[in-house]
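K.L.:
Residue numbers (the working numbering), protein chains in the order written: chain A, 1 to 337; chain B, 1 to 394; chain C, 1 to 359.
In case anyone wonders, no lab produced these hints; they're calculated from the structure. For glycine and all other residues, C-beta sits at the position ideal for the given N, C-alpha and C. Treat the hints loosely; a few may be bogus.
As the list claims (entries may be wrong) - Dumping the calculated SDA-like pairs for lysine to any residue here, alpha-carbon to alpha-carbon at most 25 Å: (1) A:Lys-264 <-> A:Ser-288; (2) C:Lys-254 <-> B:Ile-174; (3) B:Lys-290 <-> C:Ile-76.
Unchecked claim - Partner residues aside, some chain C positions facing chain A, computed with beta carbon under 8 Å: (4) Ile-78; (5) Glu-80; (6) Phe-82; (7) His-93; (8) His-95; (9) Val-131; (10) Glu-149; (11) Val-211; (12) Lys-225; (13) Gly-247; (14) Gln-250; (15) Ala-251; (16) Gly-255; (17) Ile-304.
Spelled out, the chains give:
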Amino acid sequence: MKVTKLALLVGLTAAIPSLSHADTLQDVMEKDVLNCGVSTGIPGFSAADSKGVWKGIDVDMCRSVASAVLGDASKVKYIPLTAKERFTALQSGEIDLLARSSTWTATRDTSLGLNFAGVNYYDGQGFLISKKLGVTSAKELDGATFCIQAGTTSELNLTDYFKSNGMEYKAVTYDTSGQTIDGFKKGRCDAVTSDASQLYGLKLKMDDPNTVMVLPEIISKEPLGPVVRQGDDNWFNVVRWSLFAALEAEELGVTSSNAEAMMKSENPSIKRLLGTTGNAGENLGLKSDWAYQIVKQVGNYSEMFDKNVGKDSPLNIDRGLNKLWNQGGLMYAMPIR
Amino acid sequence: MNNKQLPIDGKGFLNNPQHRAVFFQIIALIAVIFCAFYFANNMFDNIEKRGITTGFSFLDNTAGFGISQTLTNYDDGTSTYFDVFIVGLLNTLLVSILGIIFASILGLLVGIGRLSNNFLISKLSLIYIETFRNIPILLQILFWYNVVLAALPSPRQSMNYLDSVFLNNRGLLIPEPIFESGSSAILISFIIAVAAVFYLTRWSRKRHDKTGEEFPLIKVSLAILILAPTLVYFIVGQPISAVYPELKGFNFRGGLAIIPELLALLFALSIYTATYIAEAVRAGIEAVPKGQKEAAKALGLKDHVILSKVVLPQALRVIIPPVINQFLNLTKNSSLATAIGYPELVTLFSGTTLNQVGQAIEIILMTMAVYLTISIVISLLLNWVNAKMAIKGR
Amino acid sequence: MATYTMKEAKPAPSGSKGIIFWLKTNLFSDVRNSLLSLVGLYLIYLTIPSLLNWMIFDATWSGTQDEVVNSGARWIFIIEKFDQFIYGFYPEHLHWRPNLVAVLCVAFLMALKVLKNNKTKIVIMLLFPFVCFILISGGWFGLETVETEKWGGLMLTILVAAVGIIASFPIGIVLALGRQSDMPILRTLCIGFIEFVRGVPLITILFMASVVLPLFFHDGIEFDKLLRALIGITLFQAAYIAEVVRGGLQAIPKGQYEASEALGLSYWQGMILIILPQALKISIPNLVGSFISLFKDTTLVLIIGLFDILAMVTLTNSDTNWLGYEVEGYVFVTLIYWVCCFTMSQYSKSIERKFNTEH
């Protein structure tokens, strides 16, 4: 009796699995939901609030793709992943898109069967220290102990940096960013090192954020971007161009509030972006209003940035490298035509 | 078990129990092989389709990250992932062995305390056991880690003992011994001393069996073990010096550091496992028939002699098997160190390395293989002990 | 002729009763004992008053964060975050569903006690898990679907433990029978599985389930993360159940096996009607022990990124409005686990005692 009951129970629970094909775009459209891998909680990038609503710039990446493909930014199933699980989850097809502030490196791009579709945030590794230490530059940190999150590129960069400067250090590695900041709070280490963007988030988690500071040095390049499976060029294009569309919209001054009005614009670039002329959407296998949906439902890149990490968020991070190319930054969307 | 040959009344192949047994086994085997084949096939399919790197060649790649506690020479610039594996393995063994020692001592004390005539002690032991064995070990590890970190001062306000031992939230710092030439003589003398104690034990047991005379074995052995190496130490000209920890900049340099993660883990593992060991000890002692104790008392033996010569030798037969199982559990539980970042096998290899390399299958299999090996070794040990302790037939 | 007269019982001598006597015999019988007692008293003095002060007398039970007296526990954190600890991210307006399931569970257990008809019992037992599953997950009968990513807190802890216990039970029995069977291949397979699982830590099995398992299946088949963890935990627990049941099977006298054969019962009839009921009955204390272990082990799902109650504590701690309340959170979780595990272990002890008197 018990055996049948069990089999049925497991069968029922297993009813959730669905079928997917090598064609991710087709598959996402069929199941009418985008499975998006996010972090278990990185403020500003992907974090669930107390009601379980996901927010962040990576989350907006998921929402952009969902709006472009499904026409509805809310049709996203967020799958929180630990750093360990993220790449296998994508490899195995559990998720369609990984937006989990992952650094684009040669190893990850080539040996893991993955492709980075672009960069949605240019980051760099920095240091968060207690002001009590009386240190103003990373060069003075010889002999210090660092709290790091295990398995990140930060761990490797730290070694490189200290080796090349002939300094010594000790590393205490934790599994999650929460544990890392906890270790720092309790004085287990002198400094936390991580992507600078995350340091601002971590700073907010201190009991008194004024007792700590982020050092000016940036010791590495950390281009963070959405990742897809290798060998599905169609899907790769969709994700890449969803990112470009948000950037292009900012460049052209299209925002979520004026997108509707802009549909009547005579500017040929805007017309191509919003799909009133041209066939960019069709070529991607999407509806012609794909980019309009992104801008309308999620916003352009500057809106995403400001809302989640920039001036309208508690993190208040400067745009810096993430400004558009024509304003002195690195963000450059390939032209839609 | 009950497939005895029965008269076959029905016809047909499957009505014969023996045929049926073979048939079912073949079906089971085919099912298992099919599953394995299906999984393997899918796996290779997935790997090939996505261009995932496979194989163990990653072990030769440079790891390039720092580790907070290394028992071997590990250099974060040049050491390979295989070195990381070894470091992790040694750290696992270190915490397991230390944990086993502390848990055994604590468990034995609490187990005996549980049976004490003293009402207070026995109730306190009971409370200790019931409190700590009913709280998940992961929670205890997190708790002790928080306590250890919160209770200890920062390096600049270290607790200082004789300017050579320091305690702060970076760990317990003790002088590091430096072995110069000639120190091998001390090691040799120590080994000789151990061998001498071993033979002395056998000799004294034989003499005891023959004449019944007691030999002060423990005192003499201790004297030999301590005196012999000390004498040699002075004879060869004091070849061991120490490097004392010193506060330089933010942190102490030199000396040996016992990191807080290790302290917290040891606390948690020993306290948790000791509850089970204590219960085993209590059960073992209670299993000794009351008459034995009464007889010993009637012979006029003192309480501690009764415990050590009459009760414990008989109780050990019951105590040791479950205790060895607990040792295995402790070793397996040490893998939870990953929650507080103690660099043992699961943290370093299934955590950091897996993240850096991404080859999940190989890495998890290697980790599992290590634990399987440890558990096989421990069960072999258990079998050996069981065979040795078995009551010899008379 | 001397006649026997009943003598009145004398009261015990004043030296052998009363509190002084009790203290003398139990705490201060000799020097060593007295010293031990003093040490014990000192330990109590050190811990109990400060613990009580922290937990009860100096604690803050209500009000807002600003009114907190810092010397005691700040239970307002627990009260404020209570819903999250219990339900995780489960949508607030749907909390009645897990609540209903909890009520149903109690009703279910009562029904099993009260009902006499075996057939109704079996029907209820078969239906019950479905009802619970549909209630919690939704998607049928117009109930809103709640994705497993939103399940969390104590609800998830209990769910993982319950599924682990129920699902592993039949598998464990089959494995135990397989291990005891005299078909060599079957036996080897079972022994191999049991010893493999028992030889590795649960956490590696969970890693295996969360990281490696997806690669074992064909592209299309994807498992929920929670389901994968459940599979891992069930297989792990099954190996331990198998060993407990094997212990029970070995304790059954050989005569019972022979008797069942003599009655002409088939292997399965004999097992189900005669051997297993007895074997399971004597293994109940050990089974409960193994359930306790499983319940404690559910905390490990936190390491693979599921939000059980312990994970909810760490998560709510990163809420910028409520920093530095982890101690209260840990104590709360500790109390929940302790009460559950202690109750179960007392239950198993009482059963053990009952069996002991039967011999």
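K.L.:
Quick check: which numbered hints come out false for this structure?
P.N.:
2, 3, 4, 5, 6, 7, 8, 9, 13, 14, 15 and 16
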